[in-house]
Amino acid sequence: GAVVSQHPSWVICKSGTSVKIECRSLDFQATTMFWYRQFPKQSLMLMATSNEGSKATYEQGVEKDKFLINHASLTLSTLTVTSAHPEDSSFYICSAFTGRTGSKDTQYFGPGTRLTVL
Amino acid sequence: AQSVTQPDIHITVSEGASLELRCNYSYGATPYLFWYVQSPGQGLQLLLKYFSGDTLVQGIKGFEAEFKRSQSSFNLRKPSVHWSDAAEYFCAVVGDYKLSFGAGTTVTVRA
Numbered sequence: 001g002a003v004v005s006q007h008p009s010w011v012i013c014k015s016g017t018s019v020k021i022e023c024r025s026l027d028f029q030a031t032t033m034f035w036y037r038q039f040p041k042q043s044l045m046l047m048a049t050s051n052e053g054s055k056a057t058y059e060q061g062v063e064k065d066k067f068l069i070n071h072a073s074l075t076l077s078t079l080t081v082t083s084a085h086p087e088d089s090s091f092y093i094c095s096a097f098t099g100r101t102g103s104k105d106t107q108y109f110g111p112g113t114r115l116t117v118l
Numbered sequence: 001a002q003s004v005t006q007p008d009i010h011i012t013v014s015e016g017a018s019l020e021l022r023c024n025y026s027y028g029a030t031p032y033l034f035w036y037v038q039s040p041g042q043g044l045q046l047l048l049k050y051f052s053g054d055t056l057v058q059g060i061k062g063f064e065a066e067f068k069r070s071q072s073s074f075n076l077r078k079p080s081v082h083w084s085d086a087a088e089y090f091c092a093v094v095g096d097y098k099l100s101f102g103a104g105t106t107v108t109v110r111a
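Residue numbers (our numbering), protein chains in the order written: chain A, 1 to 118; chain B, 1 to 111.
It is worth saying that the hints were derived from the structure and are not from the lab. Treat the hints with care, as some may be off.
Here are the computed lysine-lysine pairs in the BS3-like style, where the Cα-Cα straight-line distance is at most 30 Å [stated by the list, open to error]:
(1) Lys68/B with Lys98/B
(2) Lys55/A with Lys68/B
(3) Lys20/A with Lys68/B
(4) Lys64/A with Lys98/B
Simulated restraints on C-beta separations [as the list claims (entries may be wrong)]:
(5) Lys20/A with Ala111/B: 42 to 52 Å
(6) Leu68/A with Arg22/B: 34 to 44 Å
(7) Gly16/A with Ser14/B: 33 to 43 Å
Which stretches of chain A does chain B cover? Using the computed rule of at least three CB atoms under 8 Å from a CB of chain B, they are [unchecked claim]:
(8) 43 to 56
(9) 106 to 112
On a predicted model such as this, the values are computed, not experimentally measured, just so you know. Each residue gets a CB set at the ideal place from its N, CA and C atoms; glycine is no exception.
Please model the entire structure based on the sequences and the hints provided.
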C-alpha cells in the first residue's frame, strides 16, 4: 500500500515554456503533499507543502510565482514550473502524507520527475 | 530546528561484508527518525523508521537501525551486503511534520 506516482517521469522542454508535473496517491487519500527538489549528488530540499483545498506553503527562497502548486483533490497535487529556464533543470520528487499537520506520520515518495530545460 | 548529519559521503564495501552507515541528529524533543534508500534516478524507498519503543528497529531488505539517545545517533546496519544494495542512503528526522534529510551516503558494493 501507500503508492505514489508521478507523471511524467522525464520531461525536456525549451526555455520559456511551462511544465506541469503530477503527483498522485494511488491507494490512499493524501491530506498533505510535499514537493522536493534534488540536484545531482545532493540531498532533497523541501520546496513547498500543500494541503488539500488550501494554498501551498513555500519554503524560504522558493519563488511561489514560478513554482505553482495545486492540491485540488485528496489524491492529486500538481507542480507547474512556469517560464522554465536551464537553471530549473533538476529532479523533482513529491511525497504524500496521510496524517494531519503536526502528526509525525510517514511520507511516501513518488519516483521523481527529471526536468531538463534546454 | 531539526537537522541530520551523515558523516560519510561515500562508503565502499565488499559483497557479503557488513555495512554500517552513520547518522547523527539534532532535535529538541523526541525525534522521529527515518532511513530511506534511493537507487539512481529513482524516488525514495523507506527502509525503516523509529517513533518510540524498542531502540533496535528492523526494516526491509535485511536492514536494521539502532536509536541511541545518549549519542544522538541512528545508525543503519546490514550484516551481509548484496550487490543490489548499491545506492544512496538518506537519514531523515521529522520536526513540525517536515522531513529534514542528511546529505546522504553513497554505497558502492564491489564484487
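Next on the checklist: Name the hints, by number, that the structure is in violation of.
Outcome noted: Hint check: 2, 3, 7 fail, others pass.
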